[in-house]
Amino acid sequence: MNNKHRLNLFAFPAETNTVFAMLILATVLLSSFMGYMLVALYGPDSLSAQNAPRQIGVIAFTAFLTIVIVFTFATFIYSRHANKIRKNKKIITITESDAEIKKAVFNLAQKAGIDTPQIEMPPKGSGGSSGQAFGFYKSYSIRLDDGLRSWQKLKFRTKSFNAVVLHEFAHIASGDIWRTYLADGILKSFIRLLIIPFVLGIIIFSGRKLFLFESFDAIAMMFVTTISLFFQFCFSIGIMTLIWVRLLRVREYYADWQASVWGAFEGLKYILQELLENEKPTSGFDWFKFHPSAKMRLNALDGRNDLFSTSRTTFFLAGVLLAFMLAGGFQIILTTFELILNPLQRLIDSSTDYVSLFLPAGAFAFVFFIQICVFVVPIGWLLSGTLGVQTQMQTVKDMSTSKYGVMAYIKLGIPALFFIVGIELGFLGAPFNIMTPYDSDISKWAVEALMNIFVFIPILFLSIWWYLCMMRFISMTVFVSQVGGRLSKWRTRFLAWVSNSWLLLFFAPGFLLSKIFFAEGQLFQGFLVWFGILILVSPICMLINWLIAKSLFGKGIKKCSICGTPTRKPDPALHICDHCGAPLSNWWFVKEIE
Amino acid sequence: MWNNTDENRQLLADVSKEFIAEIAPEELEYVDELLAEYHENPPQASKNNDDPLGFGGDIMIAATPVIAAALSAVFKFLLEEVIKAAQTESAALVAQKVKAFFNPSVQKPVTKLSQEQLEKIKEIAKRELRRGGMNPKKAEDASLMIIAKLTLGA
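Going line by line, the protein sequences match chains A and B. According to the working numbering, the first sequence holds residues 0 to 593 in order. According to the working numbering, the second sequence holds residues 649 to 802 in order.
Calculated from the structure, these hints are not laboratory results. Glycine included, each C-beta is placed from N, C-alpha and C at the ideal position. Among the hints, erroneous ones may be present.
Stated by the list, open to error - Just some of the chain A residues that point at chain B, by a computed CB distance under 10 Å: (1) Gly126; (2) Arg142; (3) Glu251; (4) Phe365.
Unchecked claim - Label-pair restraints from in silico Cβ distances: (5) A/Pro12 <-> B/Glu670: 30 to 40 Å; (6) A/Thr157 <-> B/Asp680: 14 to 24 Å; (7) A/Thr312 <-> B/Glu728: 28 to 38 Å; (8) B/Leu800 <-> A/Gly124: 54 to 64 Å; (9) B/Asp680 <-> A/Phe9: 38 to 48 Å; (10) A/Thr157 <-> B/Glu764: 39 to 49 Å; (11) A/Lys86 <-> B/Glu688: 19 to 29 Å; (12) B/Glu788 <-> A/Phe155: 16 to 26 Å; (13) A/Lys101 <-> B/Ala684: 21 to 31 Å.
Said to hold, decoys possible - If the Cβ cut is set under 8 Å, some of the chain B residues that face chain A in the computed set are: (14) Asp699; (15) Ser720; (16) Pro784.
Let the sequences and hints guide you as you build the complete structure.
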């Protein structure tokens with residue numbers, strides 16, 4: 000394999016890990032919101048002014064309790080997964096009769112630089128040539144099928160044996176185990192704990208309305224709402240499961256790549272080729288399969304299906320999860336902070352002089368700031384970890400093929416569009432979502448929907464596209480001056496700062512403010528605030544970040560990491576060393592262990 | 649049963665080696681060991697595992713046990729054909745007659761196989777080879793080789 004043609008996937012943090020975090024957070028927030036809605040379904044019809052603080056407290060407590068219960072049950076499911084695998088696959092820890100396997104796996108673990116996990120195998124004669132990584136909290140195991148006993152003995156199959164073991168090691172090394180099985184636990188917990196109370200709640204709620212003999216219109220509306228809520232609930236679960244499965248599929252590419260870096264390229268290629276020849280023609284509906292097809296894996300391994308281009312799927316998924324997080328977190332965070340802000344507001348209202356106003360007003364501003372941070376910071380961080388990282392990877396790929404033109408910036412509009420489609424679909428799919436365009440009055444609904452399509456979505460699209468362009472521009476400024484074998488931590492941190500500063504200071508507040516204005520029916524004010532922020536302030540942010548990048552990373556003499564010869568080129572990463580001919584930016588390329 | 653006799657095992661080893669030499673010559677070095685394993689634990693049907701964090705599928709472990717399984721199935725079929733003609737003969741003679749099918753130039757088979765029987769044998773062999781995880785092209789080639797051997801001999 001020619002290293003020069005394989006860009007270094009591991010120079011960047013894996014964006015899929017961030018999407019995993021988004022999936023977990025979105026499920027937790029949706030759980031809390033479902034808890035909130037359970038109070039609404041089972042509780043009194045309306046809030047009374049007298050006991051409002053108590054009811055807000057009950058809602059906040061129930062939401063919090065729901066998170067705790069869902070998460071505790073998820074952790075329980077996660078902690079049990081290893082035993083479940085052991086039982087289903089009938090595997091036990093290998094004994095001295097498999098000493099050779101133990102030795103071979105130990106040697107491979109040394110090569111990969113990881114602690115040797117526990118090896119568990121089924122009894123002899125059960126066949127199979129696969130493996131599986133699993134385990135709870137740093138106590139990891141790998142399951143090896145019985146066929147690997149034979150492979151380990153047959154000299155001409157050693158590479159295949161190594162490929163399977165190293166593939167599983169790659170899952171351990173990249174932290175896939177806890178993410179995968181915890182996400183599985185959270186999804187199962189969400190479904191098992193909430194679906195029955197939710198359906199019962201809807202039935203009781205509907206029964207109560209029917210019993211009260213409300214008007215025919217009200218009852219019809221209630222039926223429509225109930226059915227749509229149920230479909231939204233199923234949609235949320237379905238889409239989150241789909242996201243989880245697709246994430247796992249991407250992680251398989253990463254595991255193949257990592258195993259290949261550890262020297263398993265030939266073994267992997269042989270197995271995948273055999274799998275390809277055995278693959279039955281499918282109907283194309285393989286959305287819920289955990290592994291990509293052998294053909295796709297082979298293409299990825301050969302660099303034909305590259306993982307460096309901005310993935311439309313990842314952008315779409317990030318958009319859906321962002322919508323779920325906003326839908327789930329928006330009301331619940333606002334409600335919880337109301338508990339603190341309401342008494343402070345009353346103190347402010349009852350203040351008679353500046354002295355008695357000063358303290359509650361200061362406290363109010365502080366709590367309000369914390370509220371925004373609690374909501375915006377995780378979202379900004381998660382978007383930086385997905386959209387930001389993907390843009391950086393695309394930038395490196397374009398730099399390696401000398402694509403610097405305007406077209407590369409224009410093309411960023413496509414992933415931006417997928418992100419926005421994801422957000423809109425996510426808002427439509429999240430149950431009880433106040434951000435979904437909805438009104439019982441069809442004319443108002445139509446106006447809101449039209450405003451959404453012709454004003455809100457274009458502004459959202461422009462802001463995301465503009466963000467991607469800025470990330471590309473600053474990334475290029477940072478990358479062209481990086482020579483040597485690895486991308487420095489400071490540059491990675493700086494790019495994270497650039498992304499976060501933009502998202503936190505401009506995108507997220509603008510987006511949220513506009514949504515709050517929308518929710519209150521002040522559409523024009525919402526657009527004005529957001530668009531104003533976008534046009535006026537974000538270019539200044541970009542300029543400042545560019546100047547910082549130039550002054551921090553562009554100065555100083557750079558040296559070739561191979562022969563030490565200095566270079567005075569302003570963009571050394573794009574050149575080879577004048578003395579030894581090696582690429583100055585060898586951090587772009589994969590280094591493999593023989 | 650004749651299937652569990654030493655004669656059958658020896659016959660299976662002899663015939664298997666001829667095929668392995670052509671289909672998977674790299675396994676010749678290990679053929680006795682693999683056949684011993686085969687007799688102890690016959691190969692299971694190839695699974696299509698799609699476990700989370702698994703490898704994503706199973707492939708054939710080695711050709712020897714798969715070929716042995718296919719030949720065993722073919723032997724069983726041939727045995728039934730032989731039994732129809734000679735129900736009372738000894739195990740050694742039965743083995744000799746089954747072997748004769750694979751080497752008609754040396755030992756004349758008791759029964760000449762019809763086109764229909766050959767088709768059936770090809771189908772049996774191919775099914776067993778595929779069940780053991782051999783890829784479709786190799787399975788087709790190997791089953792044709794078995795038919796060729798039965799009709800043309802060495």
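Here's how the hints hold up against the structure:
no., hint, in the structure
1, Gly126, "3 Å, holds"
2, Arg142, "8 Å, holds"
3, Glu251, "6 Å, holds"
4, Phe365, "44 Å, violated"
5, A/Pro12 <-> B/Glu670: 30 to 40 Å, "51 Å, violated"
6, A/Thr157 <-> B/Asp680: 14 to 24 Å, "20 Å, holds"
7, A/Thr312 <-> B/Glu728: 28 to 38 Å, "55 Å, violated"
8, B/Leu800 <-> A/Gly124: 54 to 64 Å, "36 Å, violated"
9, B/Asp680 <-> A/Phe9: 38 to 48 Å, "45 Å, holds"
10, A/Thr157 <-> B/Glu764: 39 to 49 Å, "45 Å, holds"
11, A/Lys86 <-> B/Glu688: 19 to 29 Å, "25 Å, holds"
12, B/Glu788 <-> A/Phe155: 16 to 26 Å, "23 Å, holds"
13, A/Lys101 <-> B/Ala684: 21 to 31 Å, "23 Å, holds"
14, Asp699, "5 Å, holds"
15, Ser720, "16 Å, violated"
16, Pro784, "7 Å, holds"
Taken one by one, the earlier hints fail for this structure at numbers 4, 5, 7, 8, 15, listed in ascending order.
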